[in-house]
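Asker: Below are the chains, spelled out letter by letter.
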Amino acid sequence: MSGNAEVDFEKIVAKFAELKDTSELMIDLAYSSLLLDNKELAEEVQRLEEHIDKLHTEFELLVLSSQFKKEEAKGFLGLIRLGVAAEKIADAAAQIAEVVLRGIKSHQVLKLAITEAEETIVYTQVAEDSMLVNKTLREARIPEKTGMWILAIKRGEKCIRPRPDIQIQAGDILIASGYAEGVEDLKRLASPKME
Amino acid sequence: MPPFEKVEYKPIPVRELLLEMKNLSELMIDLAYSAALFNDRELAEAVLELERKIDNLAYLLDIMTMIAARDAEDAEALLGVTVVASAADKISDAAADIAAIVTQDIGVHPIVSDVFERLEKRLIKATVHKSSVIIGKLIGELDLAPRMGVDILAIFRDKDWIINPKENERILAGDVLIVRGAPEGLKEFKEICEARKAQLRD
Chain A
527 MSGNAEVDFE KIVAKFAELK DTSELMIDLA YSSLLLDNKE LAEEVQRLEE HIDKLHTEFE
587 LLVLSSQFKK EEAKGFLGLI RLGVAAEKIA DAAAQIAEVV LRGIKSHQVL KLAITEAEET
647 IVYTQVAEDS MLVNKTLREA RIPEKTGMWI LAIKRGEKCI RPRPDIQIQA GDILIASGYA
707 EGVEDLKRLA SPKME
Chain B
2 MPPFEKVEYK PIPVRELLLE MKNLSELMID LAYSAALFND RELAEAVLEL ERKIDNLAYL
62 LDIMTMIAAR DAEDAEALLG VTVVASAADK ISDAAADIAA IVTQDIGVHP IVSDVFERLE
122 KRLIKATVHK SSVIIGKLIG ELDLAPRMGV DILAIFRDKD WIINPKENER ILAGDVLIVR
182 GAPEGLKEFK EICEARKAQL RD
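Residue numbers (our numbering), protein chains in the order written: chain A, 527 to 721; chain B, 2 to 203.
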C-alpha cells in the first residue's frame, strides 16, 4: 500500500467530523428557529441541508476510493452507514425548519417542549460591559464555564456561525443550547460585570 | 425483529409526549455514536429499545393531536407539532441505524475515534474506581454541567444500562459512565473517576 493511505484517512476523518457536527448543529438551529419564530435561522438550516448533501457525497467518494484492505471492508461499511445516518439527521432538522418557513406559527406546545427540554435552547444579549465583550469565543470558554454551547450569534440582522476566532461584541445575541442548569451561568456571563 | 405490540391508548398531554420524544431522540444520537465509538453491543441494544419506545410515543401523539383539533385553525397549528414529532422520530431512526452497525457485527473502522478527537463536544467512557471521590454522591450534587461542562448520559451497572440517569442516582464503584462534554472538562472528570485526581474544583 502506498503512503497515500494516511492522507486518505485524514481526509475521511475531517469530512466525517464536519458531517456529524453540521447535522447536529442543524437540529439545534432548527429548534431555535421554531422557538424564536425566526425565518432567517430556518433558512440557514435549509442552506446547511444543501451543504450536507454535498458533504455526504464527498465523504462517500472518499471512503470508497480509499484503498482499504479487504479485511477493513466491514469497518468502512460502518463508516458509510454512519454517514447515511448523519444525513438522515440533517433531513429531520430540515423538516423541523420547514414548519417555520411555511409560516405556521409555532404552537405553544412546541415552544414549551423546546424550553422545558433537558437540552434547552436559550438566547441572551451581551451587555455593554459584560466580561465577554471583545473576547473571542475561544477565549470566552463558554462551554467549560457553563456547559452551554453557542449555536449562532445574531448581530443586528446577520446570523453568524460561531467559529472559535469570532470576537463577541456588545449587543450580540448569543443563541445557545445545553442543559438547563447552565442557563443562569450563561446569562450571568453576558450581563454587566459585578463590581 | 420483535413483533409489533399493540400500543395502549393513554391520555397523555401532547406536550409531555413531544417533550419526551425530543429529549430521547437527542440523547439517542449521542448514545448511538458512543455505542459505535466504544463498540458496545449492550449500549447499542439499549438504543434500539429506546427507538421502539419513541415509536410508541409517536403513535400516541398522533392520536392525541387528532383528538385535540376542534377546527381547521386548530388543526393547522397542531400540524407543526406532528411534523416536529415525526422529525424526532426520524432522528431516533437514524440513531437506531447507527446502533445497528454494532448489533449486526459490522462495526466501525477505528479511525472513527480520530473523528471524535476533533469535535468540540466529545464522548468518553470512564470506569469509576473504588477510591474515587464521587462514589456515593448523587449526580445532582456533583453539579457537573456548570462545574466542568460535562454530563453523564448513561451508566452501566449490573449488566444493564441506566439511560439518562436522574439527579438522585448515586454513583457506585465499578459504574461505567458515558460522559459528554468539552475536552478539558472530560479529561478532568475522567481523572476524578479513575481516582487519579481527588478533588472537585468549585
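Careful, some of the hints might be misleading.
Said to hold, decoys possible - With a straight-line cut-off of 20 Å between C-alpha atoms, the simulated PhoX-like cross-links for lysine-lysine are: (1) B:122 <-> A:671; (2) A:671 <-> A:565; (3) B:191 <-> A:671; (4) A:671 <-> B:188; (5) B:188 <-> B:198; (6) A:614 <-> B:91; (7) B:160 <-> A:541.
What the hints contain is simulated information worked out from the structure, not anything from laboratory work. Predicted model, so just to flag it, every value in this text is computed and none were measured.
Asker: When the structure is checked against the list of hints, which entries are broken? Sort them ascending.
Answerer: Checked against the structure, the hints that fail are numbers 2, 7, while the rest are satisfied.
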